[in-house]
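Two chains, two frames, some hints: make the complex.
These protein sequence lines are chains A and B, in that order.
For the numbering used here, count along the first sequence from 1 and bump the result up by 89.
For the numbering used here, count along the second sequence from 1 and bump the result up by 1399.
No lab work stands behind these hints: they were computed from the structure.
Keep in mind that the hints are not guaranteed to be accurate.
As the list claims (entries may be wrong) - Keeping only pairs whose Cα atoms sit at most 25 angstroms apart, straight-line, the calculated BS3-like set for lysine-lysine is:
| # | chain 1 | residue 1 | chain 2 | residue 2 |
| --- | --- | --- | --- | --- |
| 1 | A | Lys217 | A | Lys182 |
| 2 | B | Lys1525 | A | Lys328 |
| 3 | A | Lys408 | A | Lys442 |
| 4 | A | Lys384 | B | Lys1525 |
| 5 | B | Lys1643 | A | Lys355 |
| 6 | B | Lys1558 | A | Lys520 |
| 7 | A | Lys384 | A | Lys442 |
| 8 | A | Lys520 | B | Lys1643 |
| 9 | A | Lys217 | A | Lys494 |
| 10 | A | Lys520 | B | Lys1525 |
| 11 | B | Lys1643 | A | Lys529 |
The residues making up each chain are set out below.
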Amino acid sequence: MFNKLIKYLSSLRFTILLICMLGLMFIVGLWVPQQRLLRTIYLEWQRSSPGLVSFLDTFGLTNVYASPITITLWLLFFLNLSLVLWQRWPLVKNRIKISDANITDPVTSGGFPFRNSYPLPPGLDGDKIIQLLRKSRYTVIGDSAGFYGVKNRLAPIAFMLFHLSFFLVLLGGLISVYTEFIGYVDLAQGEYFQGELARYNSRPSAKLPEFGSIPNVSFTIRSIEPRVVRNTVTGISIKLADAGGKVHEVGINTPYNTDNSSFVFKHLGVAPLFVLMDQSGKEIHGAYFKLDVVKGRQDTFRIGDFIFTADFFTDYELKDGAHTSKSMEFANPVFVISVERDGRKFAEAAVPKNGAMTFAGYRLEMRDMPFWVRFYVVKQRGLSILYAGFALATIGVIWRLLFYKREISGAVRDIDGERCLVIAGRSEYYKSLAEDEFNKLFAGIVGEGLKLDR
Amino acid sequence: MAFWEMIFYLVSMIVYALAGGGFIYSFVFKNPRVVSKITMLVCFGFIAQTIAISARFNATGHLPWSGHYEYALMGGWFIIAGTLFIGWQNKQLQGLAVATVPLVLIMLGYGYMQNPSLTPMAASLKTIWLYIHVYFAWLSFGAYSLAMAAGVVFLLKQKSEARETPNPAYDRFPSLGRLDELIFRYVVFGFITDTIMISAGAIWAKDLWGSYWAWDPVETWSLISWLIYGITIHLRVTFGWREKRLAWLAVAALGSVIICFFGVNLVVNTSLHVFQVR
Chain A
90 MFNKLIKYLS
100 SLRFTILLIC
110 MLGLMFIVGL
120 WVPQQRLLRT
130 IYLEWQRSSP
140 GLVSFLDTFG
150 LTNVYASPIT
160 ITLWLLFFLN
170 LSLVLWQRWP
180 LVKNRIKISD
190 ANITDPVTSG
200 GFPFRNSYPL
210 PPGLDGDKII
220 QLLRKSRYTV
230 IGDSAGFYGV
240 KNRLAPIAFM
250 LFHLSFFLVL
260 LGGLISVYTE
270 FIGYVDLAQG
280 EYFQGELARY
290 NSRPSAKLPE
300 FGSIPNVSFT
310 IRSIEPRVVR
320 NTVTGISIKL
330 ADAGGKVHEV
340 GINTPYNTDN
350 SSFVFKHLGV
360 APLFVLMDQS
370 GKEIHGAYFK
380 LDVVKGRQDT
390 FRIGDFIFTA
400 DFFTDYELKD
410 GAHTSKSMEF
420 ANPVFVISVE
430 RDGRKFAEAA
440 VPKNGAMTFA
450 GYRLEMRDMP
460 FWVRFYVVKQ
470 RGLSILYAGF
480 ALATIGVIWR
490 LLFYKREISG
500 AVRDIDGERC
510 LVIAGRSEYY
520 KSLAEDEFNK
530 LFAGIVGEGL
540 KLDR
Chain B
1400 MAFWEMIFYL
1410 VSMIVYALAG
1420 GGFIYSFVFK
1430 NPRVVSKITM
1440 LVCFGFIAQT
1450 IAISARFNAT
1460 GHLPWSGHYE
1470 YALMGGWFII
1480 AGTLFIGWQN
1490 KQLQGLAVAT
1500 VPLVLIMLGY
1510 GYMQNPSLTP
1520 MAASLKTIWL
1530 YIHVYFAWLS
1540 FGAYSLAMAA
1550 GVVFLLKQKS
1560 EARETPNPAY
1570 DRFPSLGRLD
1580 ELIFRYVVFG
1590 FITDTIMISA
1600 GAIWAKDLWG
1610 SYWAWDPVET
1620 WSLISWLIYG
1630 ITIHLRVTFG
1640 WREKRLAWLA
1650 VAALGSVIIC
1660 FFGVNLVVNT
1670 SLHVFQVR
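Next comes chain B alone, as it looks inside the complex (with noise of 0.2 angstroms):
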């Protein structure tokens, strides 16, 4: 890790952490008012989150795209940025973050863990392919994330209001309705976006290992996880699942993505993708 990198990580952690126990706080002690302040708090992880990306990029003259540690590094920073976008379209959703940020938290401690050393850009990464297949799989993390947190709060709130005293800190967020339709908005921006990864990733790997498929543990998963949200998006459709049913699905079919991140390397090591071995 360069100097700046790790300063700046530790600080974004810090701050996050500081951020994640205040939503908690403000959904638990009822105190709605605070969530403003605290998303600010967010905005402050994040520029610190942005500086130990630049300062790692000085460092190794490319942008971290591969091993654990990047994955966190990088695909945090796609998560927080797309909370912090929807939260300054629409204020409602910005406690959206109270999973949000917490999901980081633990990405960026499960990075730091991992191997953070400084290296040059591998002979494999040396594409154009990289660009578009990473980017658009954190285009498609971030947004299923943010299907996930839509769901959290969508069960959280529809229990609050079940109760003879509704909690006000959940007035905030958008009514029901609204919420179960974001829910559903988020799973279809993402699974476009998964699917041009995955279109991405095969004519990558036709160049760089011969083959368009090879039922690689990580191309497997993620197939999986697509054809989750595949089936996810025509419960929805042609099923009519929505809110309750459709929140449950968003937070369990998050466990996919999360497995082919971050969990096919951990059971089997025999992936060809660099998420761990350089």
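The shape of chain A in the complex, shown without the other chains (with noise of 0.2 angstroms):
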């Protein structure tokens, strides 16, 4: 019973029928919007259809890549990898030994579908023709009265790499996950960052590692460049200087490497400095304020009782009395701002860089427009780890299915008074291929053979 159960997990059957159901599960994954990667959709639908959520919340449907049934499937497919590493090795050490029994008779000998015999020149014999096999890249053993010739003899070995490769994705990826910390934090121009916690957005708020520390790092902004061209996104120059000086430039594509830890420019916005004076001019309050008003959105911002709403054009027109923006390009960047106070709306304006709006008998300057950027921080350990288990994967797959297995059986006999080649061959795989392959590389040795006979 034991070794029957044994047999069943360690089958390509049971390999099969778990990728098809973990196939399954992805495609629920992909349908059903999942809490942990699209919390705004599935609360939304919370909200909707409370029942059927919470019917597929208590099958994991909604978290269904951490869910109870996708990690099950997930330790089958290792325990299955498992059995079948432990029960191929022997079959693999076997495959890739080489020894006189390999030595068969090259007509009688079955599993070769490749056979032909080919007249020898009188200047070939069976050295030479070992030899020259050699040359091909064949392993060659035995002399002219039988020999046993393998190319790519290790690459059974590939296949327990390729499998290997699995695990070695599986550490890196469960080291990385249990040592992750993830948060988001806006820095603006000219802001100092000493990895701080409690300086992390608290929405969403960060996740802390299950082992390890939070990124411990130390830099100051010293530029933010945005460039756009018409309304593509073309790039993001983020300089940043680390506590030893040094300037670190950070893009699209380009994150801030330190202490196993990413900084990725995740966001951009606007930190205007605006400045509230009264009728006398005296300052009443200033300060920079981070909004996130790129790409047509409404932020707010509150001075004393005042309320001010800010839309924010990078490249302003009035067109039929309307604000608009010819381009996403940062030609010409405006605030239009309305300012309310206890429900009641006293002005909206256009505001410039330097530019004022007055209301209610006071006065609002804008004095200076820099950009803040939100950066997705990321630490994670094992990537190293992982890299190697993708690394190995390609190796494996490659030298598996490229570099596969020629092996020939030969020998050099009379035949009817002529001394001949006779050759019986198999490849893994590709048997028309390998057909072609040997006739050329027999045809080649026997051509050899002719140049050496004159």
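The structure is reproduced here in structure tokens:
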């Protein structure tokens, strides 16, 4: 009973069943909004269909990639893989072994779909044939009375490497998940950041690692320069200086990497310096406000009892009485600000950099207009193991499927009074391709003999 | 679209339409002699498509690597390039175009209906990983398409040979045994390039999005198609699935790749992959 169970658990049928079931779970994950990945959509859906969502929640289908069903399937998959590797290793060792037992009769031995015989020119003997086969990267044992040759003898090891790579990916993945810190931090030009946990955004809250520490960093944002051509963001250059004064340039695709952490640019905003003055020109309040206003978003800020609603136009123009932007380029950046207090709107005006608006006896000046950026901060270990897994998988699959094994069994014999090379050959995977290859190889060897003869 | 790009894009579509019709004619009306001439027509369409790509490159300063339109343009080019290359290497395989040319024609037609406007290279695409990731993606799609084409031809030829008077149009093709092996070879080539594509994508994603794997819909679907082709290889090598069963598998499995490239974004709009959204 136990042996039967082990046999089934290590079978390819079981592997295929598990892969199909995992595939189905992934498809469910594509269709059903996932809590972790699509939080907002999920919450909206939960509000509109609480019964259905609760039902799917019960089976973990709204968190499908980490649901008990998926984890069980993965566990069974790796159990299956372990058993397969354990059972296959002796076979692999056996298949790469080379001994005199491999030398068989090329005429009568079974399992060789390719058979042929070639009349040999006088100058070509068994030793020379073996030498030419070795030149064609065959490992050959035996002599002209009977020999065995094999090309890419170690190819079966690639099977082990490819399947071992899954374990490396698993190990690297697990280490990265358990040591993972994820947080978002908004930093404006000129701001200094020392990696304090309290400075990470509260929404979404930072994910602390199960093992290890949060990123140990210290830097100042020197400058932020977005680059836009018409309506396409073509780049951003964020220069930051670390504690040692070294300047690093961060952009899209080029995060700031330090202490196993990556600071990935995620979002751009504008942080204008607004100063509110009374009728006498006395400054009442002034501050940089990080406003999330790029790409048509609206944001608000508060000074005293006043609530200011800001719309931002990167390339401002007043068209038919409406505020619009000609493009996404920062050619003529202007804020359109409306002011209200106690629910009553006082004024609305377009305020460019170094411009101002007046309302109810007050004056609001915009004295500076730097940018701020949101960094997605992630710290995780184990990535080198994970990448090694990817590399091993690639090497394994290329080695196994391109550098496959070819075997030949041969002998020099007299047939009807003529000296002939008798060959039997076989190859993994590609029968017709191997036939062409063997024909070409031995035609070449015999041709080489003819040249020697001359 | 740039002016010359539009002209040559349309020319390539018209030529592929004529060639597709010609291939179907040669099979239905059992006239194998026209295949070589139609292949020349495909060459002409390929040149027109290459000029369209060059015109777009000239206008934008970058190769067409992103968005549904550019994927159709560049992906179709890879598939036709593969078809012509193997037809040049082995004349018996010229007829594989009977399946790949209509596929590319549909892709180009679909691409034309998407957003073909000229745009500068988005910042997220300015990395060496784009070329590695997308190049191997197209190589794998091209190889899987050829596996499908070989599968279609295998099934047609097998059906024809079962008749009392086989269609001579299939005589030009390799034997069923060789076609069967070809299907497997294209699947293997596609699987290798697919593996490199996924690995390169994961490394790129780490720099771009901060996470090497985020269960993005396109990521997930590419994993599904990789698993399907992995199963196909195992079924062939271990269970000895050959001929008809392998041919049907190669035809059906291509569906998963088409969904990955073109279908996912029709169903969900949450993918970070810029097939459609800039």
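Structure-based check of each hint:
1. A:Lys217 x A:Lys182: violated, 30 angstroms
2. B:Lys1525 x A:Lys328: holds, 18 angstroms
3. A:Lys408 x A:Lys442: holds, 20 angstroms
4. A:Lys384 x B:Lys1525: Given pair A:Lys384, B:Lys1525 holds - Cα atoms ~21 angstroms apart, limit 25 angstroms.
5. B:Lys1643 x A:Lys355: At roughly 50 angstroms apart (the allowed maximum being 25 angstroms), A:Lys355 and B:Lys1643 break the hint.
6. B:Lys1558 x A:Lys520: This hinted pair holds, its Cα atoms lying about 23 angstroms apart.
7. A:Lys384 x A:Lys442: holds, 18 angstroms
8. A:Lys520 x B:Lys1643: holds, 17 angstroms
9. A:Lys217 x A:Lys494: holds, 23 angstroms
10. A:Lys520 x B:Lys1525: violated, 44 angstroms
11. B:Lys1643 x A:Lys529: violated, 30 angstroms
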